[in-house]
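There are 2 protein chains.
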Amino acid sequence: MIDTLNLRHVRLAAENIQPFIHHTPVLRCNGLDHLAGLQLFFKCENFQKVGAFKFRGACNAVCSLPKEKLRQGVATHSSGNHAAALALAAHLQDLPAYVVMPENSPQVKKNAVVGYGAHITYCQATLQAREQGLKNVVEETGAVFIHPFDHLDVIAGQATAALELLDEIGKTDVIMAPVGGGGLMSGTSIAAHGLFPSMRLIGVEPEGADDAMRSIHSGRVIPQTNPHTIADGLLTSLSELTFSILSRHLEDIYTVSEEEIVDAMRHVWERMKIIIEPSAAVAVAGAFKFGQRFRGKKVGVILSGGNVQLDRLPFGPQPKLEAASKE
Amino acid sequence: MIDTLNLRHVRLAAENIQPFIHHTPVLRCNGLDHLAGLQLFFKCENFQKVGAFKFRGACNAVCSLPKEKLRQGVATHSSGNHAAALALAAHLQDLPAYVVMPENSPQVKKNAVVGYGAHITYCQATLQAREQGLKNVVEETGAVFIHPFDHLDVIAGQATAALELLDEIGKTDVIMAPVGGGGLMSGTSIAAHGLFPSMRLIGVEPEGADDAMRSIHSGRVIPQTNPHTIADGLLTSLSELTFSILSRHLEDIYTVSEEEIVDAMRHVWERMKIIIEPSAAVAVAGAFKFGQRFRGKKVGVILSGGNVQLDRLPFGPQPKLEAASKE
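As given, the protein sequences belong to chains A and B, one line each in that order.
What the first sequence shows, in our numbering, is residues 1 to 327, in sequence order.
What the second sequence shows, in our numbering, is residues 1001 to 1327, in sequence order.
Just chain A, with the same shape it has in the complex (with noise of 0.2 Å):
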């Protein structure tokens, strides 16, 4: 295990996993640069297998642990996207995944984890009930516990969707994402910086869960009680790994409100045509809010993932834009 990350162990990553992942594109929309007044370079995760960056980090984690270690399969508890990608990671390479989920997570998430033949357990919806799941799991099956962040292979996977960014475009002057659990974020920290010291990072949150903004304005980690947002990826808390990363590399993180989330999710599907999810535009939305701080800058915009419950969206009529003349 590694035990602090630089971009010498981003670039091994990106070796790893480039048999299995996708090198997704880097899209413009003169739209809504002209909207947010910067010019953005949206890299789109969204495209990445099972949807979603956390493919990446998956795939890491597995490519990274000795054969013998693997015998048993690996193990995860998550209702989201991590679920997927470490059921596709460990499919590519013929090894069995046990999935805990609770009851009540989306149909969609549970037929992607059955898609990818993982053994699903389902338990209740709390945080111990999915805790206690796993520790059966992994009890009766051996298999390895992937953490959905606070690992430093699968942070080192995450980076590569940074990485790759950088590499194509060369430097932007910002790099905005969304934080969650902090995965995605420490690792585009540690490729944004191991490339360009100077880059400056924010990370976006939904203000209805906040909890990295508090904890880094705080200088602790300040776990998320009762989150309450649409971005059903940025419901968990930081761990002390990401915290300390993120503390080191962030410019600062940004709130955002639900509006403005769905505001900037609603501009994306119906400009630039493509699908994204609620955590996704949480960055977008960042862009779109405090754009006027990075007035005509480049900035990179990472496009988490594209997983949502298509019969759920929460778009309302199309506001009117003006009148015209009548006959």
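Derived from the structure by calculation, the hints contain no laboratory data.
Treat the hints with caution; some may be incorrect.
According to the in silico footprint, chain B covers these stretches of chain A (three or more CB under 8 Å from chain B) [said to hold, decoys possible]:
(1) 45–53
(2) 258–271
(3) 299–312
Covered by chain A, according to a simulated footprint, are these stretches of chain B (three or more residues, beta-carbon under 8 Å) [said to hold, decoys possible]:
(4) 1041–1052
(5) 1305–1311
Here a beta-carbon is modelled for each residue, glycine too, at the ideal position from N, C-alpha and C.
Starting from the known structure of chain A, arrange chain B on it as the hints suggest.
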């Protein structure tokens, strides 16, 4: 005006519009290839300006008219993508555009037309009211009427989508595209057979608006009465012009049900994370439904557009994939 179209006209159109259009990507998706049993190549006109291939034709029509004819601008009646396309095409040449639209058109379409600076005249939602409204506007303003498909320069413009597709990936065995008024399919036919005379060309229609299928099978234009389909871009009937082109080039026209359209649309949204409108999903549904006729073959599919009302989507709950163990 050109009498009959050939590949030379299409190449000329491509040159005309090249400074204004997006050269859209050709995307692939393993999951959908597997489902259809085909090698699918998706030409993504949902990423075109105004969100649809229609911009190609409108842009070529505007570019092809002599400047002195254009001083008074251009006009059309449309509730759909052609209105926005013509509005933008005129705007980019600094010409006025006049659009006659039914009052009950979706707000998103009205906004698009207003956003590109066109003058809207609202009318009642009958073809008669639209034609009368257009006649009045043309008399008052002297603008040139640009028909959405019964127009050789428009068809030559639409043809450039297939031209780009085949220039990029080489010959495919089949191309499938949706058929409404027949402008896109006519252009596609001329481009494809101009390059590769042996290619198999298949139009796809909704069962609830199958006038082109009935027309081609019976050898004369049979107008559509009371079309009923979610594919709101495919409600119109063929013209004598598009009928005569399609009769010469098409192997067949297939039809798909409303359920098959929504199902195909959902698959593209969920697997590819891109937004296509129901009319585009019609061609995808055709590929899924009749895939066994072309097993393993290379099939180009024109994804005609991506304009949807996000507050009125047709998706029901995600079906359950399979049971899992319970704890």
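Evaluated hints:
1. 45–53: That given contact holds, which follows from 3 residues of the segment 45–53 of chain A lying within Cβ reach (below 8 Å) of chain B.
2. 258–271: holds (count 3)
3. 299–312: Check passed, 4 qualifying residues.
4. 1041–1052: Satisfied; 3 residues make the cut.
5. 1305–1311: holds (count 4)
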